[in-house]
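Visitor: Use these hints to put chain A onto chain D, whose structure you have.
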Amino acid sequence: MNTNTHPLELAGKAPLVRFQNVTKRYGSLTVLDNLDLDINANEMVSIIGPSGSGKTTVLRMLMTLETIDEGVIYVGGEPLTHMVQGDKLVRANEKHLRKVRGNVGMCFQHFHLFPHMTALENCIEAPIHVLGMKRAEAEERALDLLDMVGLADKKDEHPSRLSGGQQQRVAIARALAMRPKVMLLDEVTSALDPEVIGEVLNVIRKLNDEHDLTMLMVTHQMGFAKEISDRVCFFSEGKIAEQGTSEQIFGDPQNLRTQQFLNAVLDAG
Amino acid sequence: MFDWKWEYSVEILPRLLSATVNTLLAAGFGYLIALIVGLAFALLQRTGVRPITFVVREIVEFIRSTPLIVQIFFIFYVGPQFGIRLSPWTSGMIAIGLHYASYLSEVYRAGLDNVPKGQWEACKALNMGPVQIYFRIIIPQAIPPSLPGMGNYLISIFKDTPMLSVIGVAELMHAATTIGSETYRYVEPYTLVGLIFLAISLPTALALRQLEARVRRKMGMNR
Numbered sequence: 000m001n002t003n004t005h006p007l008e009l010a011g012k013a014p015l016v017r018f019q020n021v022t023k024r025y026g027s028l029t030v031l032d033n034l035d036l037d038i039n040a041n042e043m044v045s046i047i048g049p050s051g052s053g054k055t056t057v058l059r060m061l062m063t064l065e066t067i068d069e070g071v072i073y074v075g076g077e078p079l080t081h082m083v084q085g086d087k088l089v090r091a092n093e094k095h096l097r098k099v100r101g102n103v104g105m106c107f108q109h110f111h112l113f114p115h116m117t118a119l120e121n122c123i124e125a126p127i128h129v130l131g132m133k134r135a136e137a138e139e140r141a142l143d144l145l146d147m148v149g150l151a152d153k154k155d156e157h158p159s160r161l162s163g164g165q166q167q168r169v170a171i172a173r174a175l176a177m178r179p180k181v182m183l184l185d186e187v188t189s190a191l192d193p194e195v196i197g198e199v200l201n202v203i204r205k206l207n208d209e210h211d212l213t214m215l216m217v218t219h220q221m222g223f224a225k226e227i228s229d230r231v232c233f234f235s236e237g238k239i240a241e242q243g244t245s246e247q248i249f250g251d252p253q254n255l256r257t258q259q260f261l262n263a264v265l266d267a268g
Numbered sequence: 000m001f002d003w004k005w006e007y008s009v010e011i012l013p014r015l016l017s018a019t020v021n022t023l024l025a026a027g028f029g030y031l032i033a034l035i036v037g038l039a040f041a042l043l044q045r046t047g048v049r050p051i052t053f054v055v056r057e058i059v060e061f062i063r064s065t066p067l068i069v070q071i072f073f074i075f076y077v078g079p080q081f082g083i084r085l086s087p088w089t090s091g092m093i094a095i096g097l098h099y100a101s102y103l104s105e106v107y108r109a110g111l112d113n114v115p116k117g118q119w120e121a122c123k124a125l126n127m128g129p130v131q132i133y134f135r136i137i138i139p140q141a142i143p144p145s146l147p148g149m150g151n152y153l154i155s156i157f158k159d160t161p162m163l164s165v166i167g168v169a170e171l172m173h174a175a176t177t178i179g180s181e182t183y184r185y186v187e188p189y190t191l192v193g194l195i196f197l198a199i200s201l202p203t204a205l206a207l208r209q210l211e212a213r214v215r216r217k218m219g220m221n222r
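In order, the protein sequences belong to chains D and A.
Counted from 1, the first sequence has number 69 at position 70 by numbering that gives the first Met the number 0; the numbering is strictly sequential.
Counted from 1, the second sequence has number 105 at position 106 by numbering that gives the first Met the number 0; the numbering is strictly sequential.
Heads up, some of the hints might be wrong.
Claimed, not checked - For lysine-lysine, the following BS3-like pairs were computed, each having C-alpha atoms within a straight-line distance of at most 30 Å:
1. A:K123 to D:K98
2. D:K12 to D:K94
3. A:K123 to D:K133
4. A:K158 to D:K153
5. D:K98 to D:K205
6. A:K123 to D:K180
7. D:K225 to D:K98
8. D:K153 to A:K123
9. A:K116 to D:K12
10. D:K205 to D:K87
11. D:K153 to A:K116
12. D:K154 to A:K116
Claimed, not checked - Computed footprint of chain D on chain A, listed as stretches where at least three residues anywhere in the stretch have a Cβ under 8 Å from a Cβ of chain D:
13. 108-119
14. 122-131
15. 134-142
Treat the hints as calculated values from the structure; they're not laboratory data.
Values in this document were obtained by computation on a predicted structure and should not be read as measured data.
Idealized CB from N, CA, C, for every residue including glycine.
Chain D extracted, bound-state conformation (with noise of 0.2 Å):
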């Protein structure tokens, strides 16, 4: 795997996020191929596209749960998947690994909160003993996101006396609790009931609106995504076949595959 052509950081006013020509395999299924991305300070970015088409991969990788075949990801101008040994770039060790993943922070579709810790457990788990939080402070703040999300009564319940929406809404005060730089959102609606998903799309608004939170977003709530994306990236096998504003995206696509991607989602309401 060639990093030669690889910067070993990246100058100035770069990208909060870059991924650079970025490929992922699965044996020889390509999932990634050659992506190049970037994500801007405070952008909300939305991920659009058929199932297979590398959405969900591209948030799984700057979460460092998949590993990279080709390219490398950057998060603040720093290397993500790989780190500086003395003139060149090699694949990251743990210890890298974990150094700069705290940047980013991710919710998931099944929420996976932790069974057996109250609400208020979930969220300050991370910060006392990841960040060495002071139990005091770490309950303080945990109970301001949670506040934030609307469940502080809720704060000493477990997980399986909440309902999926409220699952999700703990999620997100967990992954706040550690103040992120990226939050990634991984249709963090698609396994909830219809009536429950507003509650959770109410708290990303919430969250573009009033906080510094650079988001991306994998989602196939259109309708939400269009409403408060700056950006929207239609994947498709891998690559991204279009990206623009909502209404560039939503109001007038160029590629055949996103005016046909868009036409099958609103022909099934």
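Guide: This is chain A only, laid out in the frame that chain D set:
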């Protein structure tokens, strides 16, 4: 034909009960060793380092494939050939501890494997380190489904302590045999031994079921 001497039974009971304490201690310590070493066996097999997982796997298989009594004999009688001279108690503890550690490691492995993959990913997304992930998130979730297996092996260890009598550990079976050989009356001693085992095993089994239910409730994992 069956005659039971009540006076004799009452007379030998104190000796038997005193030996029961040794039995309980032997079972208790053996189980403690098994719990800890078993966890080590289970975690070592998950390191992903080929030589380590291979060696530990083979040790576990070897121990599970040989009878406990053979292992007890080996450690006590053959140990000295290798310069390891241990008392009956210590040999017994180590043999039982290692033997049941290998069985418990399988219980733990199943428990650990059954924790959903998403939990690991959530931990990684929160940038937790391996020690924290295992001891604060994964193992606590692996315990409730492992409790029935762990409880069954506790009772099994208790029932296996009579094997230690063959290397001279003064536990319950040993005491009964000694008493019997003194008076040539074996009916009462062995019957009482059986009853004592029953009197301890049954309530223990009941208590274990209640513990399982309580842990489930406490961990909020009632489904």
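Visitor: Please go over all the hints and tell whether each is borne out by the structure.
Guide: So, going through the hints one by one against the coordinates:
1. A:K123 to D:K98: holds (12 Å)
2. D:K12 to D:K94: With a Cα-Cα distance of about 27 Å, the restraint between K12 of chain D and K94 of chain D holds, given a limit of 30 Å.
3. A:K123 to D:K133: Holds, at roughly 21 Å.
4. A:K158 to D:K153: Between K158 of chain A and K153 of chain D the Cα gap is close to 47 Å, so the pair fails against 30 Å, i.e. violated.
5. D:K98 to D:K205: holds (29 Å)
6. A:K123 to D:K180: holds (16 Å)
7. D:K225 to D:K98: Status violated; Cα separation ~34 Å.
8. D:K153 to A:K123: Satisfied, since the Cα-Cα distance of roughly 25 Å is no more than 30 Å.
9. A:K116 to D:K12: Cα-Cα ~38 Å, so violated.
10. D:K205 to D:K87: violated (42 Å)
11. D:K153 to A:K116: Roughly 26 Å separates the two Cα atoms, so the pair holds.
12. D:K154 to A:K116: Holds. K154 of chain D to K116 of chain A sits at ~25 Å (cutoff 30 Å).
13. 108-119: holds (count 3)
14. 122-131: Coverage by chain D holds for the segment 122-131 of chain A (7 residues, Cβ < 8 Å).
15. 134-142: holds (count 4)
Of the numbered hints listed earlier, those contradicted by the structure are 4, 7, 9 and 10.
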